[in-house]
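Student: In case you want the letters, here they are:
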Amino acid sequence: MSEHYKIAIIGAGPGGLSAGARAAALGVSHIVLEASPTIAKTISQYQKGKHVMCEPGIIPLRSELDFSAGTRESILDVWASGADALSVNLRYNAEVQKISGCRKDFKIELRDGVNVNTEYIVLAIGVQGNLRRLGISGEDYPVVQYQLDDPDEYFDENIVVIGAGDAAIENAIALATHNDVVIVNRRDEFARAKQGNLTDITKAIETKLLDCAFGAVPKSITEIPASDNDKISYRISLETSSGAAEFDCDRVIARLGATPPRAFLTDAGVELPSDDPAAVPALSIEYESNVPGLYIIGALAGYPLIKQCMNQGYEVVEYIEGRHIDPVDQEILWEKLRHIPGVANVDEAITRIQASAPIVAGLTRLQIREFLLDSDIVKIPAQDIVFEKGDYTNSFYSILDGEVKVEVGEPTNDQGITLKEGDIFGEISLISGRRRSARVTAASDCVLVETPKRAMTRLVNSDASARKAIDEIFLSRVIAQFAPQADPAIIDRVVRQTTVEHFAVNEVLFAEGDSGDCLFLIRSGSLVVSRHVNGKDITFAYVPAGHFVGEMALLSGAPRSSTVRAASVTEVIKLTRDVFSLLLESDSMLRERIRKTYEQRAVEQLQMVADSGLGDRFTFLVNEGVGEATDVLLIDEALCIRCDQCEKACAGTHEGQTRLNRTAGPSFDYLHLPTSCRHCEHPHCMKDCPPDAISRAPNGEVFISDSCIGCGNCEQNCPYGVIHLTKPGAVTPSLWKQLLFDTNDSAEPNSPSPDDAPKKAVKCDMCVNLAGGPACVRACPTGAAIRMSPEEFLKVTA
Amino acid sequence: MYHSFIVYKKFYYLKWAVLLTAICVGLYLWHEPPSVPNGGSALGYLLGSIGAALIGWLSWFGVRKRSYHSTTGNVQGWLSAHVYFGCALFVIATLHTGFQFGWNIHTLAYVLMVVVIVSGFVGVVLYRLCPRMMSEALQQASRREILEELNETTANILRLADEVEGDVHDRVLRENQDATVGILAAASREDSGAQAYTGNKHSRKTGIRNSDDLSDHLYRELSGTQSPEAANTIRALLSQLAHKRELTGRIGREAALKNLLTIWLFIHVPMSIALIAALIIHVVAVFAYW
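The listed protein sequences derive, respectively, from chains R and F. Per the working numbering, residue 1 is the first one in the first sequence, and the count goes up by one each step. Per the working numbering, residue 1 is the first one in the second sequence, and the count goes up by one each step.
A couple of the hints might just be wrong.
Reference listing, derived: stretches of chain R covered by chain F, where coverage requires no fewer than 3 residues with Cβ under 8 Å from a Cβ of chain F [to be verified]:
(1) 472-485
(2) 667-679
Pairwise CB distance ranges, derived in the manner of DEER restraints [what the hints assert, rightly or not]:
(3) Asp152(R) <-> Ala236(F): 31 to 39 Å
(4) Ala285(F) <-> Gly613(R): 54 to 62 Å
(5) Glu73(R) <-> Ala274(F): 57 to 65 Å
(6) Arg133(R) <-> Ser215(F): 58 to 66 Å
(7) Asp688(R) <-> Gly56(F): 48 to 56 Å
(8) Gly613(R) <-> Gly56(F): 41 to 49 Å
(9) Ala244(R) <-> Ser227(F): 38 to 46 Å
(10) Ala236(F) <-> Val609(R): 42 to 50 Å
These are computed hints drawn from the structure, not numbers from a lab. Predicted model, so just to flag it, every value in this text is computed and none were measured. Idealized CB from N, CA, C, for every residue including glycine.
Build out the structure end to end from the sequences listed, making use of the hints.
Tutor: Written out as structure tokens, the structure reads:
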């Protein structure tokens, strides 16, 4: 059986539907193939009543279907009725098995055996993938389900949950309150789960909240004939390491993850630049992949926002129909690019950038457009500062026009180096997450491309040559900072002979007494140095990225005098003895500088050994993950009167919602670490933010802007639990009430806002908009609350 | 580790307060009043004005403390100044009286001021002592951790009691009932959890007495039992009961100290307001009967 259409659109999400709607409106022969029984599967799986936002606000909507911010239900209704009104040819439960052929002659094989012949394919399948099925006999019984909407719907059932990932664990624990639950894990531990879920499931198994079958593989599901009671029951058979096992069950919930759509792409012949999940296929300006006639739009192409998907759906049909319309963001892009001297339109500007910025040379024009949309084109007048040494910003710069001067040391004794058109800078902070290591000023009027960290991450993951170029420049500049007088040719030789090594938290780089044959420059992360004194380990130094360790053993030839561990996930550049002696020969001052550092460290070490409590407190903090922080709220319990002024001040300056929880968090030796953002070097929260709403300001704070769409990724990604999704709204009691009854309860959840009000992520923004700095610290009456960096900790608490 | 409000900026505000006090005392000694020293002399008016201004400014602390957007200094500095200028006020206002006291509104205002200042002293002492004692009471753990441990211990006790013959389980259950309510409440709101242990003194005392009875009973059982297994269970039960009592004690001490830290304010703040009212009457009366 075979059918023929001009355009086959795979996936009925916002992109696919919008493409289908445009094709229908133009009267083009088309079909939209959807694997699930519903439109927009990802969105329909959002929790009930979830408010869906329509960022980015500045981009207009270009689609036959309507879309504006609202509840999940209302948006799905609008799309369904819109698609109906236009008679979009939608086919549900049409899972695509295979794509073959090319332009004008594609063949699509569906799971039910139907073949679809088509001239063009639009892939709009998103990144969720199709849910993996059990693949055992009995999997078609109605008791088997692959997702769980609301665990509170089930009571007093025997439920078997299959899987060991986060979804399986969360489902099993949620169900276990009202049901008898067995979780079936193919392996002997829950290695794939997030730390929080791992703790929860281990505890649940220990306390017998639920049962767990480890090392168990499902074999079959059989029906048990109804006996005395009329309810049909089922039995699942497992094969375990200790033999066969069977469970009677009313329900089987299999959470086996999804088949990655990337595999599907590769099968269809689409090339992916790397294995990194963030890498997206290279596409033409018209979204066409390397397979002619195969177009890719939406999240799979690297565009996660609904509005972008819908616009692309519209545009891709226009392109297939041979109409060359400008992309919807043309004007926005021109607004940015018009600063570039001597270009008349967007196309010229892209050509110019492609020619003058080597790191984007390997990208397609569509990728460059995307790169530029994420970036800012900034015009800096001569003598103005681009960034100051010590700033916390981590954006990356490419010079389009003009020159800049880079000064590593003090302006008076350092002439600095000059960078020209085509050069890049800012890579050290981008990679290390630390403060800027140099001051950069415009030597002449210049035009720069300023790209935020997230866009850079996407770039280096999508283009191996860009990654290599940036890594090499980083390495040579870091080594040049370590040995400033060294000959550039020697530095080049050194760069080629170094290796990068990775260390997990608490992993040992070298131990006291080891023989020292190399030194380490910290590329990203941080280290702690400790020594074994009087039967216990005393930590006496914290070394952040950009610094070096292990040099003394190389100079003196003596064994290592201390143990060095990673305080956070750390990457170090290893310099062997031979390489190091090259540098020593080339830079006559290097030996002297290392000796000074050593003396300073020796003094600190003595101080630490004298006050062993200090080392213990430091060890406590490192174990709590402070190693990767840049700014931590630490409370001295010996001064804290538990008045919660810090929380009240936070709430009072942030729409009635406190972003810190004083009582939560661990304590050690009168030092309390409340639950409050630590402004990590490489913020976990920034990893996956679809609207790119999380940024870092020059003074270090990591803050969330109003473009937050409330997806909750940052809340999940934060290992310290400092981000919450809440609705705004506050009522502060009158001053008299506060004075007389001490009931300033604005720190409590208050004034119910309407249920449909959108939830947004909130976290400590270090009072970015407030003169005078963080309200929590300024409002503390006893001076118990202080914010500091791990480096400052040693000074403050000594 | 850090610097408290007392040593704030190396006693910066103490120095100013001492200077102000010294000037006032000097003026008082130097001044020769027309008759006896009193508030109606030229110096009396000056000292009175300084005192009234200080009272106004000291009271403003209550407002500044809650002005979270304010950038005039920080609250720690304000508190440091509040304490030292509060002490200065005591001297200055006393000089203002010319040591004339009587049964009138003027002396009432003075007495109220003394009550406020003395309660403030109590506050300073509590602020210095209690925080450390609270941490010591909890022994490095957070209150939530202790409540969780308490929960687990209670569960252990019930499980062990189940294995002991006789009516031990019932007795344990009865003895636990108050505590269980407390822990459940604690889960919903931390503060009230601790209140459940300390707030109701009667129930706490009964709880302890009951558990003493229970322990006595178990010791008798222990000496009577022949089975080594039963003896082990009873021993474990006794140690869990002791552990629970210790945990309850810790969390109770911490909560009691926390209450101390707020309770003095229930005198300090209302008395300040009364003082301001009395002060206004005092000033109006003085000028009305000039």
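Student: Any hints this thing doesn't respect? Which numbers, in order?
Tutor: 1
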